[in-house]
Every structure is written in structure tokens, then in C-alpha cells.
Amino acid sequence: MKLGAFNMPLHPPGHDFTQTLADDLDTIVTCDRLGLTEYWLGEHFTSEWENIPAPDLVIAQALALTEQIKLGTGVSCLPNHNPFMLAHRIAQLDHMANGRFMWGIGAGGFPGDFEVFGYEEPGAAPKIMRETLDAVLELWGAAKPGPYGSGNWGFKVPEPQDDIGLSVHVRPLQKPHPPIGVAGVSKHSGTLRVAGLKGWIPMSINIVPMPLLRTHWEAVEEGAAAAGLTPERSSWRIARNIFVAETSEAAFDGAVNGTLGRDFEDYFFKLLPYVGYMDLVKTDPEMPDSDVTLEYMAENIWVVGDPDEVAAKLRRLHGDVGGFGVLLMMIHEWRDQPSWRRSVDLLTNEVMPQLADLD
0 MKLGAFNMPL
10 HPPGHDFTQT
20 LADDLDTIVT
30 CDRLGLTEYW
40 LGEHFTSEWE
50 NIPAPDLVIA
60 QALALTEQIK
70 LGTGVSCLPN
80 HNPFMLAHRI
90 AQLDHMANGR
100 FMWGIGAGGF
110 PGDFEVFGYE
120 EPGAAPKIMR
130 ETLDAVLELW
140 GAAKPGPYGS
150 GNWGFKVPEP
160 QDDIGLSVHV
170 RPLQKPHPPI
180 GVAGVSKHSG
190 TLRVAGLKGW
200 IPMSINIVPM
210 PLLRTHWEAV
220 EEGAAAAGLT
230 PERSSWRIAR
240 NIFVAETSEA
250 AFDGAVNGTL
260 GRDFEDYFFK
270 LLPYVGYMDL
280 VKTDPEMPDS
290 DVTLEYMAEN
300 IWVVGDPDEV
310 AAKLRRLHGD
320 VGGFGVLLMM
330 IHEWRDQPSW
340 RRSVDLLTNE
350 VMPQLADLD
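In numbering that gives the first Met the number 0, the protein residues as written are 0 to 358.
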């Protein structure tokens with residue numbers, strides 16, 4: 000089992016945007032230095048907390064500052080983009096990364112972004128996502144000259160003119176395209192079924208309990224079976240909020256009373272009911288929302304403890320879901336947070352070596 004990271008990112012409203020961009024870049028460089036294998040970065044336009052609208056620009060800067068870590072969009076929200084522009088930006092980034100880029104894609108999920116781009120109606124975002132992806136992949140293949148369009152975008156592929164070198168010619172370095180990843184949220188996720196069907200990277204979000212995670216892999220297997228494929232568990236990414244300290248007591252206190260607790264108390268506990276996702280974090284669907292507290296999260300959803308305790312919890316998670324390939328550590332603010340930097344050091348140097356036998 001390998002260790003990677005996922006950064007939404009998470010910065011409270013009122014932050015210094017210049018500083019948070021520098022801070023997020025610093026976490027990428029730190030993760031590369033510590034030997035993490037990959038790092039995914041989110042895209043949002045109207046979320047003050049999740050404040051990066053152009054993860055590809057951050058990735059481009061990070062490529063020059065890192066050596067081995069693979070970098071991915073987590074995710075490119077396809078309905079937000081014209082596919083002609085997106086196909087060219089991602090293809091160029093793939094060449095700049097020289098094999099270190101992964102393309103996470105999705106339909107988006109933040110209500111403000113839905114309103115900005117005009118796809119608030121139920122089912123609109125997934126439909127536009129499929130249309131946009133089809134257009135991008137066609138442009139990367141052998142797009143025929145002529146107009147392309149949907150109700151949300153349009154472009155025209157010109158007739159090639161060899162004498163002056165005019166053509167749609169920019170395609171990714173990795174063939175046929177960069178590895179594509181998609182994230183699953185709900186029980187028996189339809190998105191993860193598509194991941195299995197297409198052979199894409201399946202990713203499970205950080206807030207769901209273990210029984211729901213099992214259904215995520217079942218969805219991948221169902222999709223793969225429909226395509227005659229055999230999915231590899233090593234491709235499955237599971238994201239988790241992890242906090243490690245020298246003692247269990249210090250870890251619990253640092254998680255609940257630090258930036259992890261702040262991010263849930265001030266953001267997720269408000270956002271999840273708003274978007275109808277509060278039930279996702281419940282181990283018992285009958286439990287009231289009021290029982291979903293920071294203490295509940297620390298005891299049931301997050302992975303919190305001393306190095307031995309965290310290693311045991313991760314080993315149990317790996318066994319309970321039947322195995323997975325990459326653990327994605329969720330990123331929270333590190334600046335002026337020595338306990339967070341210490342947590343990451345303990346995770347990489349004392350926890351992960353105990354799990355080296357896990358495939």
C-alpha cells in the first residue's frame with residue numbers, strides 16, 4: 000500500500016490568497032521530499048474554503064520544484080470548461096509533467112459553481128461531463144473537421160492545411176491519454192461503476208465509513224465485469240483524514256482541537272447538510288445529525304492515534320475492504336502548525352513502514 004495526498008484545499012474565509020497558494024505549494028514539495036507517490040489538487044470557483052480555481056497552474060509550478068511525486072487534478076470539473084480549451088491545456092500539462100501527471104475528472108459538486116455555469120437542474124452536470132469528456136477524447140484521437148457542440152459549449156475543428164502547418168495537433172504525451180481518475184461518494188457509486196467499465200482509477204472520498212467503502216469496490220467490479228475487465232485493487236485510492244501524535248491522547252486532542260476539527264466544525268458540518276450528504280458520515284443511518292460530532296468523527300471516521308494505533312487502524316481498514324493500493328492523506332493547513340508537520344513525519348516514517356507488507 001502506497002501513500003499519497005489529496006488537497007481540496009481547505010482555508011477559512013478571510014485568508015490571504017497569495018499566502019495559501021504558497022502554503023499549498025509547500026505541502027506538495029514536502030510530500031515529494033517525504034516520498035509520497037502522488038498528490039491530487041481540487042478545483043472550485045465559488046468556495047472560499049476550497050479556493051483554487053486552476054489546479055493545473057499550481058501543478059505546473061510544482062513540477063519544477065519536485066522530483067518524483069505524481070500530480071493530479073482532483074478533479075477537473077468538466078462542465079466548467081470548453082472541451083477544446085481543456086483538451087489543449089491538459090495535453091500540454093501532460094508533456095510538461097513528462098509522465099508525472101494524472102487527470103482526475105468529475106461533474107463538480109459545489110452549489111455555487113453549479114449556479115455560475117448554469118447546470119443547476121438535477122442530472123445536468125453528469126450529462127455535460129460526459130459530453131465534454133467525449134469531445135476531449137475525440138480531439139486527442141482523430142477529430143474530424145467540422146463543428147462540435149452541445150447546449151453549453153461549441154467549437155469548430157478546421158480543415159488541415161499542410162502547407163502552412165494548420166491543424167488540431169496537440170495531444171498528450173501519455174498514450175492514449177493520462178491516467179484518468181474519478182471519485183465516488185455515494186453507496187454503490189455510479190461514477191465508480193464507470194471507472195470499472197472504462198479501466199479508470201477509482202477514488203473513494205474521505206468522509207464515508209468502512210461499510211460504504213465496500214460498496215465502492217463492488218461498483219468498480221460491476222462495471223469491470225460489464226466490460227469483460229478484471230480490476231486491480233492496487234488502482235483503488237481511499238482518502239482519509241489522518242492525525243498522528245506520540246500518544247493517543249495527544250493525537251485525539253490535536254485532531255479535535257486543531258485544524259482538522261476546525262475544518263469540520265466550521266465547514267463540513269455546515270456544507271454536508273446543505274448538499275444532502277450528512278448521512279454519508281453515519282455508521283448508523285438512523286442516528287440523528289446531532290450525534291455527528293468532532294468526537295464521533297475522531298472515533299469512527301478519521302484515523303487518529305499514536306503510530307502503532309494508526310498502523311493498526313489502517314491495517315484493519317485495508318483488510319475490511321479487501322485491499323486497496325493507495326492511501327490518500329487529506330491535507331489541512333500546515334503553516335504555524337508544528338503538530339501537523341509532526342503528524343506527517345510520524346505517518347511516513349513510523350506508520351507506513353509497519354504496513355510495507357500490504358499489497
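Don't take each hint at face value.
[Said to hold, decoys possible] Calculated cross-link-like contacts (lysine to aspartate or glutamate; reagent style EDC-like; alpha-carbon spacing at most 20 Å):
#, residue 1, residue 2
1, 186, 319
2, 269, 231
3, 281, 319
4, 143, 120
5, 69, 31
6, 197, 137
7, 1, 221
8, 197, 221
I should point out that these hints are in silico values taken from the structure, not numbers from a laboratory.
Verification of the supplied hints:
no., hint, in the structure
1, 186 x 319, "holds (16 Å)"
2, 269 x 231, "violated (36 Å)"
3, 281 x 319, "holds (17 Å)"
4, 143 x 120, "violated (32 Å)"
5, 69 x 31, "holds (9 Å)"
6, 197 x 137, "holds (15 Å)"
7, 1 x 221, "violated (25 Å)"
8, 197 x 221, "holds (11 Å)"
The earlier numbered hints that this structure contradicts are 2, 4, 7.
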